[in-house]
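Start from the sequences, fold in the hints, and give me the full structure.
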Amino acid sequence: MNRGLSLNNLVVTGPAGLIVTRMDLHVEPGQTVALVGESGSGKSMTAKAMTGLLPRGVTATGSLQLDDITVDLALGPQALAGLRGQYISLLLQNPFTSLSPVHRCGEQITAALPPDLRRSKEEIRRRLDEVDLPERVARQYPFELSGGMRQRVALAASLASNPQILIGDEPTTALDVTTQREMLDLLERIQRERDMALLLITHDLGVARERADKILVMYAGRLVESGEGADVFAHAQHPYTAGLRDSDPPLEHRLVELPAIAGSVPRPWEVAVGCVFAPRCDRADDRCRNEAPELVGTTSQVACWKPIALTDASHPIQIATDVQAQNTDNDLVVIRGLSKRFSSSAPLALDNVDISIHSGEAVGIVGESGSGKTTLARCLIGLESFDSGDISWSINTPMAQRAQIVFQDPTSALNPAMTIGATLAEALRAGQRSKAEVVALLQLVGLPSEYINRRPNGLSGGEQQRVAIARAIAPRPKLLICDEPVSSLDVSVQAQILNLMNSLLKDLGIALLFITHDLAVVRQVVSRVYVMSNGRVVESGNMENVLQSPQHEYTRQLFSSVAGK
Amino acid sequence: MDTAHSHRRLTQLLSRGALTRFIIVRLAATGLLLLVLSFVVFALLHLTPGDPARNLVGVRNVTPELLQSIRDKYHLNDPFMNQYLHWLGNVLHGDFGESIRNNTTVTTLLADRVMLTLQLSSLSFALTVIVAVPLGIAAAWRTGSALDRSMSAASIVGVGAPTYAVGLLLLYVFGLWFNIFPVYGSGDGGFDRWWHLVLPAITLASGLAAMVFKLTRTAVVAELNQDYVAFAQSRGLTRRQIRSLVLRNAMIPVATSLGLVFAFLFGGTILVEVTFALQGIGSLLAGSVTFKDLPVVQAITLLTATVIALTALAVDILYYAVDPRVRKRGMQ
Amino acid sequence: MKLRTNRKPVVPIVTGIPLAIIAIFVIASRWIVPNATRQDIMTGVTSPGTAGHLFGTDQLGRDIGQLAIAGASSAVVGPIVIALGSMMIGILLGTFAGYMGGWLDLLLSKYADLLLALPTTLVALVVTGLVDGGYWVTVLVLIMLFSPTDIRMVRGSVIAQTSRPYIESAKVLGLGRLRIMFRHILPNVLPVAFSTMLLNVAFALVSMSALSFLGLGVGPGVPDWGRQLSDSRNLLDRNWGSLVLPAMLIIITAAAINLLGDWLQERYEESSVPR
Ligand SMILES: Nc1ncnc2c1ncn2[C@@H]1O[C@H](COP(=O)(O)OP(=O)(O)O)[C@@H](O)[C@H]1O
Ligand code: SF4
Ligand SMILES: [Mg+2]
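Residue numbers (the UniProt record's numbering), protein chains in the order written: chain C, 1 to 565; chain Z, 1 to 332; chain R, 1 to 275.
These are computed hints drawn from the structure, not numbers from a lab.
All C-beta atoms in this analysis are idealised placements derived from N, C-alpha and C, irrespective of residue type, glycine included.
Any given hint could be a false lead.
[What the hints assert, rightly or not] Have a look at the derived ranges for each label pair, beta carbon to beta carbon:
{"no.": "1", "chain 1": "C", "residue 1": "Glu188", "chain 2": "Z", "residue 2": "Ala29", "range": "48 to 56 Å"}
{"no.": "2", "chain 1": "Z", "residue 1": "Ala222", "chain 2": "C", "residue 2": "Thr61", "range": "26 to 34 Å"}
{"no.": "3", "chain 1": "Z", "residue 1": "Ala29", "chain 2": "R", "residue 2": "Trp136", "range": "46 to 54 Å"}
{"no.": "4", "chain 1": "R", "residue 1": "Gly215", "chain 2": "Z", "residue 2": "Gln279", "range": "12 to 20 Å"}
{"no.": "5", "chain 1": "Z", "residue 1": "Val198", "chain 2": "R", "residue 2": "Gly215", "range": "38 to 46 Å"}
{"no.": "6", "chain 1": "C", "residue 1": "Ala79", "chain 2": "Z", "residue 2": "Thr306", "range": "55 to 63 Å"}
{"no.": "7", "chain 1": "Z", "residue 1": "Asn103", "chain 2": "R", "residue 2": "Gly156", "range": "47 to 55 Å"}
{"no.": "8", "chain 1": "C", "residue 1": "Ser345", "chain 2": "Z", "residue 2": "Ile23", "range": "19 to 27 Å"}
{"no.": "9", "chain 1": "Z", "residue 1": "Arg239", "chain 2": "C", "residue 2": "Glu135", "range": "49 to 57 Å"}
[What the hints assert, rightly or not] Short derived list, chain R residues pointing at chain C, Cβ under 7 Å:
{"no.": "10", "residue": "Glu168"}
{"no.": "11", "residue": "Val172"}
{"no.": "12", "residue": "Gly174"}
{"no.": "13", "residue": "His184"}
{"no.": "14", "residue": "Asn188"}
[Unchecked claim] Among chain R residues calculated to face chain Z with C-beta under 8 Å, some are:
{"no.": "15", "residue": "Thr121"}
{"no.": "16", "residue": "Leu125"}
{"no.": "17", "residue": "Gly129"}
{"no.": "18", "residue": "Asp132"}
{"no.": "19", "residue": "Leu190"}
{"no.": "20", "residue": "Leu235"}
{"no.": "21", "residue": "Leu236"}
{"no.": "22", "residue": "Ala247"}
Here is the structure:
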């Protein structure tokens, strides 16, 4: 009899201390359970503990129950070896690394089958067909396929032994928005057809809300809340869940200020006593700080001493009207007919692009990865040459005072060998400003002045990105270019950075070119938007208009794939 | 079925054409490298301090007639480029001139010696591969185990230990102390020859094995940390299947590094042959250098460079054969 | 992901002690063993343990132990100069080649290809042998032979840094090339360069002593480990100390430096893994 899977009292311990604390979960056949939380909250470690794949130096206790089998996790990874594949299987995030690069896809899909079926053409075709892939894929190597196709191959491989439960650890995070949706649809279909249990691990609240029957919220290694589907967010009882929900930018409207959670996620083992969320919780009191709340409840559970009651009025959310595009008299920079090809065999990276940015205006560029957004930004700032077209600036200052740029990855944005103070002082000097402004600059981006003597290594991702922003505005450029500035940050930190950007724009009166794949994020910042696809601008206009009545087919596709997650 | 078949046939043909093109390009590059090297090697004659003709006379009585005949024979009065081309022409016909020390042609001298060096190199190469590769794999498979730690420590000593010091120590312990192995010399052919080569080969292999062990271990550890291994485990693949998956991937860097090791092998033979008084190419080179027997030095240098260049070429082709990603790039 | 555990610094201690002793020999040998090269033909070869000669004497009656202490400086000083010199060339040329590319890069990579086409031992033997140079000529030749790998190493790390966002930001700020190369990139390359340099010292030590084993490099009569080993071949049956002492000194010194270099490299790699 198939009664699904239960995980009881899981505790994962690493070399530094507890990584996951007393975790229970249950998935039924045909059911989708989502495990959500910010990075480092212990989602992946939970998945690895359930499959006996914990890294060296990390151990687990607790038990796993599947049908009539009960496995004591303390017995080590070998105890689970017999269950892997046939009972439980794991699909990983990155399709580029989860397949062996030198083996053909067909071989990898069927490796887990009994030997007599491994070479069966019929079987391979059936398996490929299930994940909507053509037969030829069997003979191809992973590097010959697109990311979406690779992830389908990986899915077929993880289903080879017909598991009763599939764990997907961020299975769509590495994919483009439109591909993401297809992949989720496919997962849903297969799950239904096979009556399989699915444990979907994701940091994306939208995905969880749309796809899950049950949602579990993790924070710093603890389960803080769980409940039925979308209810968990709609009627969040735990302040963290509510905070997470509120700081996720909405697509439907622009907020005056995103409700962000102050601070950043602690390491699970850094929390000694009391509620894990207490340092960031505005409801915290003495009991919260001294005594850890237990997870209580029946259909919905919450670990909080003072949960938000259904009757509590949630924060009134202030909705801003979208800023209207300004008139076109005061162009700061105009790009005309810009084209660029990286190599003769590659398609055009930029194809006759026209874009203008007015002084003090916030402009967005949206598009999927590979659509040419970054190339455009790099051409604009002079990091890349272009083949034809022109870029004309209405100001005559040195380049450093015209435009500056903030990149996506905060960990490599700062020179690890220089202190924050030295980095900022250098940027100020480049803009002919006084070194004395360093402290003011730090304040402007919300960092304490002690950070002058720190090095980037000791800072969290959000703090590093604040420094990167400070460096970019130090020479007082007329245009700030941000290339996916919040894409590698957690939702709660993302909200902080978006708020910071909005306030900087207002205070400094500079123009912004905001590049992102995320429509909801760009909505919160810009007034005008360009949509790019395959190196071309396919649509442009006021943010509001574009969202309300997208003209171009591609925009509609992009829009629906976000909305329908 | 029919179209699928012809499609397959076509890609095969295409990739075979690509392989030919790849080999031709690499051959041309190798040829060019050797040409430049030959020029440098020839220039050695003129870079060596002193009058080239006198250097070529050696210890014979220097008479003006002898000098003149040497100058004529080696075209030393011609312009430099002509001298070089002349020399190169001879070299391409297998004629490296005459040894100054021994009164024979360089070619005969080499022919006498080359066998021993080949035997020594292949024996130590085989020893290296047989010992170091499996140990490297085993250590990587159990990182942190006693085996891993002791082998890693030994490899650090082995990599740094100078060949001749190890050789002398082995010679002392096994040759003089225990009297198991012959101490000096090359033996009289057949089994005796191989018996004489055991200690030298072990000596040469010790340093190489340390290096190959480290490279293999690093390569396998790197593969074991890849996502695809965790993914394979999570799908329930057997240990055996996972091992073959990992080894197939690790084989690529290991095979490449074995090619590199070959270059070290040739440097090492010089010292080992001198240490054990073996009559091979290496000891011939050492002796010829001290004696300033230039034609011999030139011949051996060029020969070594050729062997190494051809090995590099073979490694590249092997790379092409085992890594589909390289194949793909090669086709474009 | 690698785990960072609180390891005790075993490696620096284990390697530090022998290296410190060698360093003392190098600096103070003229006071510790002022008469190391004094010959005593009457004594001739004696075996280890002979009164007053812990490791015995060689055929000239020189004390093996004293000779080995005096030999430390020729064994170590040259290799340090070689490693430093070749890394200086490596840093200078490698940084320019890596950051600027162009003809300099092409030229340097061809030069490296050429030198790497032959084993170092062979080229060192041929060149030093033919030019009849002494110790410092050998050092110079080895610097030339070591520099291509250092140039490659530095060039590689410079290129790896150049594509990082912080370097792009520096360019966007309009900073000069020299400032970007030497203030931004170089400090991030130095840790790797330093551990590579240590490994080079060990390799140079082995190469130099190999050359003097073959009778090149150090002048006759100068105390030197490689020379001692070469001499020991004729003494094996009468004094094993003449072999074992210098052999162990070379092996231990080289292994200690290698171990330290490896350790530093690993530590650096671990610390550069993002949190
Ligand atoms: N190999 C490891 N060894 C020790 N700790 C680890 C390891 N990998 C991750 N961690 C730690 O475990 C915690 C949970 O990580 P993870 O499960 O990956 O979180 P999530 O998947 O929710 O982002 C983090 O604090 C992380 O630093
Ligand atoms: S227990 Fe207290 S601190 Fe923790 S979430 Fe609830 S109210 Fe906040
Ligand atoms: Mg994760």
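Consistency of the hints with the structure:
Checking the proposed 48 to 56 Å range against Glu188 (chain C) and Ala29 (chain Z) shows it holds: the Cβ atoms sit about 54 Å from each other. Take Ala222 (chain Z) and Thr61 (chain C): their Cβ atoms lie about 31 Å apart, and the range 26 to 34 Å holds. Separated by about 36 Å at the C-beta atoms, Ala29 (chain Z) and Trp136 (chain R) break the suggested range of 46 to 54 Å. At about 18 Å, the beta-carbon gap between Gly215 (chain R) and Gln279 (chain Z) stays in the expected band of 12 to 20 Å.
A C-beta distance of roughly 27 Å is found between Val198 (chain Z) and Gly215 (chain R), which places it outside the suggested range of 38 to 46 Å. Ala79 (chain C) and Thr306 (chain Z) have their C-beta atoms about 58 Å apart, which keeps the hinted 55 to 63 Å range intact. Between Asn103 (chain Z) and Gly156 (chain R), the C-beta spacing of about 50 Å keeps the proposed range 47 to 55 Å intact. Taken as a hint, the range 19 to 27 Å holds for the pair Ser345 (chain C) and Ile23 (chain Z), whose Cβ atoms sit roughly 23 Å apart.
Between Arg239 (chain Z) and Glu135 (chain C) the Cβ separation comes to about 31 Å, which falls outside the hinted range of 49 to 57 Å. Here the hint on Glu168 (chain R) is kept, as its CB sits about 6 Å from the closest CB of chain C, short of 7 Å. Against a cut-off of 7 Å between C-beta atoms, the interface hint on Val172 (chain R) holds, since the closest Cβ of chain C lies about 6 Å away. Checking Gly174 (chain R) against chain C: minimum C-beta separation of about 4 Å stays under 7 Å; hint holds.
Hint status for His184 (chain R) relative to chain C: holds, with the closest Cβ pair at about 6 Å, below 7 Å. For Asn188 (chain R), the shortest C-beta to C-beta distance to chain C is roughly 5 Å, which falls under 7 Å, so the interface hint holds. Using the Cβ-Cβ criterion of 8 Å, the hint placing Thr121 (chain R) at the interface with chain Z is satisfied: the shortest such distance is roughly 4 Å. Because the beta carbon of Leu125 (chain R) sits about 6 Å from the nearest beta carbon in chain Z, less than 8 Å, this interface hint is met.
Satisfaction of the interface hint for Gly129 (chain R) is found here, the shortest Cβ-Cβ separation to chain Z being roughly 3 Å, below the 8 Å cut-off. Interface restraint check for Asp132 (chain R): the shortest CB-CB distance to chain Z comes to about 7 Å, inside 8 Å, so the restraint holds. Hint status for Leu190 (chain R): violated, given a least beta-carbon distance of 23 Å to chain Z, over 8 Å. Here the hint on Leu235 (chain R) is broken, as its CB sits about 11 Å from the closest CB of chain Z, past 8 Å.
The beta carbon of Leu236 (chain R) comes within 6 Å of a beta carbon in chain Z, closer than 8 Å, and the hint placing it at the interface holds. A distance limit of 8 Å between C-beta atoms decides the matter here; for Ala247 (chain R) the minimum to chain Z is near 4 Å, and the interface restraint holds.
Consistency with the previously given hints fails for numbers 3, 5, 9, 19, 20, ordered from lowest to highest.
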